[in-house]
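Asker: Protein chains in written order, with the working numbering: chain R, 1 to 489; chain V, 1001 to 1489; chain G, 2001 to 2477; chain X, 3001 to 3477.
To be clear, the hints were calculated from the coordinates, so they are not data collected in a lab.
From a predicted model like this one, the values you see are computed outputs, not experimental measurements.
Take the hints with a grain of salt, since some may be wrong.
Below, in silico cross-link-like pairs of lysine-lysine (DSS-like), each with a Cα-Cα straight-line distance of 30 Å or less [to be verified]:
1) Lys3168/X <-> Lys3346/X
2) Lys197/R <-> Lys3346/X
3) Lys372/R <-> Lys384/R
4) Lys1387/V <-> Lys1372/V
5) Lys2346/G <-> Lys1196/V
6) Lys1372/V <-> Lys1197/V
7) Lys2346/G <-> Lys1197/V
8) Lys3188/X <-> Lys3346/X
9) Lys1372/V <-> Lys1384/V
10) Lys2177/G <-> Lys2188/G
11) Lys1384/V <-> Lys2346/G
12) Lys456/R <-> Lys387/R
13) Lys2346/G <-> Lys2168/G
14) Lys372/R <-> Lys387/R
15) Lys3346/X <-> Lys196/R
16) Lys384/R <-> Lys3168/X
17) Lys1456/V <-> Lys1002/V
18) Lys384/R <-> Lys2/R
Derived list of chain R stretches under chain G, where covered just means 3 residues or more per stretch with a C-beta under 8 Å from a C-beta of chain G [unchecked claim]:
19) 45-51
20) 74-83
Glycine included, each C-beta is placed from N, C-alpha and C at the ideal position.
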Amino acid sequence: MKLIFEHSVAGRRAVAQMPRRLDSLDDLPEHLLRRDEPLLPQASELDVVRHYTQLSQRNFSIDTHFYPLGSCTMKYNPRACNSLAMLPGFLDRHPFAPAVTGQGYLTSLYELQQILIEVTGMAAVSLAPMAGAQGEFAGVAMIRAWHDSRGDTARTEIIVPDAAHGTNPATAAMCGYTVREIPTDAQGNVDLDALKKVVGPQTAGLMLTNPSTLGVFEQQIQAIASIVHHAGGLLYYDGANLNAILGWVKPGDMGFDVIHINLHKTFATPHGGGGPGSGPVAVSERLVPFLPLPRVGGESGHYRMLDERDCPRSIGRLSGNHGNGGVLLRAYIYARMLGGEGLRRVARYATLNANYLMARLQQTGFDLAFPKRRASHEFIITLKRLKDQTGISAMDFAKRLLDYGFHAPTTYFPMLVPECLLIEPTETESKATLDAFVDAMIAIAQEAQAQPELVKTAPHTLPVRRLDDVRAAREPDLVWSVGRECAVR
Amino acid sequence: MKLIFEHSVAGRRAVAQMPRRLDSLDDLPEHLLRRDEPLLPQASELDVVRHYTQLSQRNFSIDTHFYPLGSCTMKYNPRACNSLAMLPGFLDRHPFAPAVTGQGYLTSLYELQQILIEVTGMAAVSLAPMAGAQGEFAGVAMIRAWHDSRGDTARTEIIVPDAAHGTNPATAAMCGYTVREIPTDAQGNVDLDALKKVVGPQTAGLMLTNPSTLGVFEQQIQAIASIVHHAGGLLYYDGANLNAILGWVKPGDMGFDVIHINLHKTFATPHGGGGPGSGPVAVSERLVPFLPLPRVGGESGHYRMLDERDCPRSIGRLSGNHGNGGVLLRAYIYARMLGGEGLRRVARYATLNANYLMARLQQTGFDLAFPKRRASHEFIITLKRLKDQTGISAMDFAKRLLDYGFHAPTTYFPMLVPECLLIEPTETESKATLDAFVDAMIAIAQEAQAQPELVKTAPHTLPVRRLDDVRAAREPDLVWSVGRECAVR
Amino acid sequence: MPWLTAHWLKQTTTEKFVEMPFIPHTPAEVAAMLEIIGAPDLDALFDEIPADLIGLPDAALPVALNEMEITRLMHDRAVQDGRWLNFIGAGGYEHHIPAAVWQIVTRGEYYSAYTPYQAEASQGSLQLIYEYQTMMASLTGLDVSNASMYDGASALAEAVLMAVRAHKLSTRVLIPKTVSPIYRATVKTIVAYQGIEVVELPYDPVTGTTPVPQNEDVFAALVIPQPNFFGQLEDVDGLTDWAHARGAKVIALVNPMTLGVLKPPGQWGMRDVSGVQGGADIATGEGQPLGAPLSSGGPWYGFLTCRTVLVRQMPGRLVGRTRDADGHAGYTLTLQAREQHIRRAKATSNICSNQGLVIAASTVFMSLLGPEGLRRVASACHANTRALTTALTALPGVRRLFSGNSFHESVVQLDRPVAQVLQGLMQAGILGGYDLSQDYPELGHALLLCATETKTVADLTRYTEQLAGILSVGQTA
Amino acid sequence: MPWLTAHWLKQTTTEKFVEMPFIPHTPAEVAAMLEIIGAPDLDALFDEIPADLIGLPDAALPVALNEMEITRLMHDRAVQDGRWLNFIGAGGYEHHIPAAVWQIVTRGEYYSAYTPYQAEASQGSLQLIYEYQTMMASLTGLDVSNASMYDGASALAEAVLMAVRAHKLSTRVLIPKTVSPIYRATVKTIVAYQGIEVVELPYDPVTGTTPVPQNEDVFAALVIPQPNFFGQLEDVDGLTDWAHARGAKVIALVNPMTLGVLKPPGQWGMRDVSGVQGGADIATGEGQPLGAPLSSGGPWYGFLTCRTVLVRQMPGRLVGRTRDADGHAGYTLTLQAREQHIRRAKATSNICSNQGLVIAASTVFMSLLGPEGLRRVASACHANTRALTTALTALPGVRRLFSGNSFHESVVQLDRPVAQVLQGLMQAGILGGYDLSQDYPELGHALLLCATETKTVADLTRYTEQLAGILSVGQTA
Ligand SMILES: Cc1ncc(COP(=O)(O)O)c(C=O)c1O
Ligand SMILES: Cc1ncc(COP(=O)(O)O)c(C=O)c1O
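Please build the complete structure, drawing on both the sequences and the hints.
Answerer: Written as structure tokens, this is what we have:
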């Protein structure tokens, strides 16, 4: 498809969208003003609407496709959450408008805080972090602030299992820590001996996802907690996989001191093609004073944002305002539509779907990464055997799935399982959809034997064929400029 | 694609969308209650959202494609009209709520009435008709009511040119009139001699579109008006083509007594895949008492619906309420965004686009139906020569255009031009789009010579290939029932 | 500009708006286009129009507002129209509409498409209509459905015309007075000039329903409303069998939401009246309860279903399933020989544009509710109206007007003029119902009430308490 | 449930909600699935979890509301938050957002898609981001843009980290006090543990701008806000050249809407300071003015653009254009070796999810406005704020605080505490501005004002009259 710039015609304007005239800037000195014209499209409203409507159809999405992307919890995003969060009363409010003008909004956020406290078993929560990674940052920063507050400044290391998501080590580094990686055992659990070896007085804490990104529940969690706590470290829970245990197991009960929650996963807020997410951070009692700002406090009818004056020991602010408010409203609405029982059902049926899909794929001949384990809300298959036999990689398989109308599972993550597909169906998909997915998997496995080229060169039915990633990185073409049109479909 | 019923699973429910429980109906006698279950889908919310989102992508529309459908005025439907007409304050109001609760709504409608009066040059308007055809009905019924009111009951005929839209004769028949068709001359004008022959004391009126559906302005309109008026008949203006002359020529000035306006054409309200439209009817002074009800009357701050008590001579009501209110709001918003000058520009640029496209097509070898005439906002090409040479019909040509990403022009209407395409680009399309359309027309004309089969069997790239209309009519399959699944793409 | 509101004037400026909203042309393009055309300027394009017909710019029309300005104006107006606690039904019903419904159908692909004449480029709209037809046929218990009429009242008129065409012998149609007065008025307007005689049938003042007539000349059709305008349940079986025994067609006028629980028209009658085919022949009514917002009355839609034998009398569009060149299923408009664009003066109706987008909404709505949802909503409306009626009639000065069964709506009689009471309720933000005394003066101070599933217990209590307050004031005064 | 509001309690019932919103499984399907799994019941699926960890249902959580109930609750709350005439800016700006913007981006295909890791199935999002990158790079006058950061404040922190990584010698960063206090606080939180020293530069109390420092030790970067937090225009050329001459990077902190008329960061400096490359090295700021609603502060987004030489220091996602197997253009995430999912502890940042949908909105917004629209909006904001400032400072007791040029926002000083005046304005439905006295007590009763293009002449008059009234009351008392 053409770029929007290629629809541009000098002098064309979507007039209804601009003030009637150009007000004078006479009072400003020449040298502070812009001389050239920025490269924005000069297009009519119809040009723009048509371009971005057509462009949208070149996406897979939950609303159009099954999207079993492991570690991403691509569940149905209820449409009511969108329309209610976008009511004019919510959209028009300025963040610095006095609290009295926002009791409707603040009440919703306060209640969301309470819901999150209940489901995590923690003492308090801050909704400020704008995604999981920022929640992690806040969490590890609080760990550090806590050690610092106790004068315990010799702790320089964060322990992270090798299966951890990349944000975990990256976060630890941003907080000035050295990362100590520990291996996973054959059953997908943390290698306890290795843990015991690395833990010590230099240990600030350990970051863990449970169920892990291997799709299994870490059964030794209580032992792990006691080892780390015993050494004076704190436990960080990466809540990206909370969907698997929501309402059944509370991270607080497992011994975690601090946790983030990806609302855009477990609480069904949209991923929006990359964001916005929301990563509230919750803590046990001892870390409450350090929570990031702002937080919603006060009482019914008089809620307000707590700031540095209320919470002088806070690690501070993570952004200019209070998190992604519109996302928080969507999560709140979702939680209220599910209620306590509904939230609990999420984990139950997400787990059912994952175990069913795992069983069916195993029964049709796919290799599981952890065949002796229950799936959590997701599971891993490995295509190593197929790769060895046919040369078809996990990536080839994934691309061919697109031709069958299914978004691919997560590929090559976690990195420790070769040729892996991490598959997360979520609770909102039906048995019929899972069965259709199995049919496609079987068909592709057969194609891999019979017509391997077909699979290796997939996809064939999408707006573009397989893209050259190497070229993209080697000759970066990151912005367009006039004269750079090229062949398009 | 599967039907929504094929996603149905007994017992599945979109629970968030229904009351929590089934209230008792104990107080009602058995024999008045339903025993069987209606065939509605039993689906989850995700099933439904996914199905209808995917289904939508199988449509061409203005928002995705150039749609030069003659006589239909497929111009851009501003998105603001949609969102503003759907504000909660407008959506939630009951039609029988007192006028004092609807001054915002009624003010908008009153002002729309005034705008329509201004642009048509008529004395008064009723917004009640729900589409063009209902406007026609109201108009012809008023003609009849007027003759009746004068005791002039011998008038039994309505004169209609052969180029008229089917709704014109159908309407005349619904009002109890006999239709007298008159021919068109070689230049696309009404055959005046023929008119003079059929007009007489039995003539109730004449229905005319100007510019006509042949895409030309009827130049003898003043003569026609005087002939009909002289004979005691009234003149009806089918306003479907008002886009061509909006703000330049007022139907009232041409001598028309009654007129309807298709707001879903000239005033950019969406066609919605078939409707809702809106067909306000406007009249000259003598017909005012007969206007259909309700109408908005009163004065600023105290607008209200006028009813039978206010207008005892009205032809009556055409529907349960007051027209398609939401469509009327959209038209009002559109008119306000254009303003007086903007409304006038519509005709100017619609005419420019049509004449440009006509010139380009003629210059590339297509045959115009009326090569000596200016185009109005639309024009006709005839593919008769091509058909004779290659066997490619206008329908084949139209289907092949779909493959090129253009909606086809209107085919085989008006019926008097053989193998015709009636092409209406509208003012909201850009020169670039028109040029791309010409390129496609040229390419298909070449294909017609070089690979006629390709054109005859088009379309090739759409969700379905050419459909069998004969089979559809011969073995009507109008509703689905369990067990009637069939091969789908 | 005497008709401009003060607000309007405030919103506009006197400055000339020299640019072109929604028109993409630049001056350079215009020049290039004129050159191709061979016209000196834009005015030349109008040179075939008699000069004396061309008017000057209209000074009475306001200047353009940009989107920001019109947005503020319309927000102000929408807020002005406000939020009311509504207990009016009388043909339009407040129901919860799932957020998904209008978010989906206002997608450009549905919203900005035309009538699906080019079938291959319109499979989205066409398949959706086929699904709609299936749902409506099943809901009414009949064989086929068209793709919508303008609204319930005009659809009833078309049903009457259909029945008369089918009957051939008589042009008399019986319509009970328990049919909405506005519907009766609409029918009269639309059938007026086709020589059809509309005979109104009286109702029983005790039950508020239509007794089976004792004697009637030959007639083409009987309209049976269920529930009727008073919310009372008619003896649909008795009336159907009676009409059929006299060779007439039965036109069911129904609220489709209630068909989740009430017997569908296709099953009316058939009580051992030997030799008579049971079931209404045509069903019609207002589709609004199935997903259309109240919106001051529109756009709503009329549905129309019938027996297969009547399909060629059907007005409006029909979608059929067929095959494409590869044998795959596809959808197309069909049986068009009934319609004006083919049959012209001999068409079944002049209808062309219908209410397409609203039935799209309705189809998504019905898909989301399913049979169970429909059943629950209908039952909740019934239960709420019943609870409200019980609570109100416990107040002094309020009594239930009719005996017999009502559904979803009910009529109470007050001890003073309804208009005055409604005025009082409005002070408390309540729209208390529909005043029947204008249309049915014989019923006295009669008020038609409706409490749909949208009303909570607290809402009903609020109404009851407010009414109690109003009535007690009157009593002490 | 002490934290439940009264309203909440009213909305819920004690009845158990036994059905499953958003979960499609029927009992029969569950049984069939368990059989395939070989598990006796659903509980068995949790049998690997230590039993003592499994909790009971949480009684403190409310019961489910259906969509109708939550709709009413949220409508009530949104209405409660009301409509105000807003003159607060201070980092978030009320602009008209074309209706098309959010109607398009909330289409399911954008709204419910994930990060475009599967490029071939995500060309919609990817091409859009490529277009966004192009627009932002051009707007700021720099070479490349990433695909967004969380917001303006956190983006500034990432820009600081980027500059320090690039500089290698120093970890000192200079930030003027004319940068928003909240931005400064955010930077401190985020860079705190990476050994970075943030030095705050004072401002000139007369002009409200940052003087070129006389002397500074070696430092990695200087942040230059334009306009600054007071709405004053900094000497961006002088500051840029000064920093560059000292081997430091320049980080421009800009309101992107103002770049329609103000000199873009890429062109700052370059006044005959021979041998020094002109232009800021990095530009960042809050993207909200380009199409994000105020929404109590989020979701907004931070933009980040830089010179090509710095691209490998860039945090966050980048989209590149490449070719597919047939040689056609296509788009994909690229240079991922900077990111956490590849580089882990050595990544440029831990950011993963960004503000994708908001930049989608922004891209549509910028496409609709184009260069001319942006220019006009920025100019209208400037003209409105100027007009308001002029009108207010004509009142006794109000004076302009700073000399020099301001843009889009301005500071006035009152004769009494700002909080008290704002309270008075609120009585009239006006949010009168941002009270600076908390963050800048040295400025006295200082009020930061902003009147965007959304304000009419009548709005400005209303503010002026209300303020006059409030101030006069004080004076007579
Ligand atoms: C296990 C895990 N942790 C952390 C994250 C980071 O979350 P976010 O993308 O919201 O920053 C993700 C996201 O994919 C994840 O899967
Ligand atoms: C010339 C003409 N007249 C009348 C009509 C009927 O208008 P409507 O479809 O709104 O009933 C049309 C619609 O296509 C038309 O083109």
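Asker: Please go over all the hints and tell whether each is borne out by the structure.
Answerer: Hints versus structure:
1. Lys3168/X <-> Lys3346/X: 15 Å, holds
2. Lys197/R <-> Lys3346/X: 24 Å, holds
3. Lys372/R <-> Lys384/R: 18 Å, holds
4. Lys1387/V <-> Lys1372/V: Holds, because 23 Å separates the two Cα atoms, which is no more than 30 Å.
5. Lys2346/G <-> Lys1196/V: 25 Å, holds
6. Lys1372/V <-> Lys1197/V: 27 Å, holds
7. Lys2346/G <-> Lys1197/V: It holds: about 24 Å lies between the C-alpha atoms, which stays within 30 Å.
8. Lys3188/X <-> Lys3346/X: Cα-Cα ~21 Å, so holds.
9. Lys1372/V <-> Lys1384/V: 18 Å, holds
10. Lys2177/G <-> Lys2188/G: 13 Å, holds
11. Lys1384/V <-> Lys2346/G: 29 Å, holds
12. Lys456/R <-> Lys387/R: Status holds; Cα separation ~11 Å.
13. Lys2346/G <-> Lys2168/G: Given pair lysine 2346/G, lysine 2168/G holds - Cα atoms ~15 Å apart, limit 30 Å.
14. Lys372/R <-> Lys387/R: 23 Å, holds
15. Lys3346/X <-> Lys196/R: 25 Å, holds
16. Lys384/R <-> Lys3168/X: 43 Å, violated
17. Lys1456/V <-> Lys1002/V: 28 Å, holds
18. Lys384/R <-> Lys2/R: 39 Å, violated
19. 45-51: Per the Cβ count (4), the hint holds.
20. 74-83: holds (count 5)
In summary, the structure is inconsistent with hints 16, 18 from the numbered list given earlier, while agreeing with the others.
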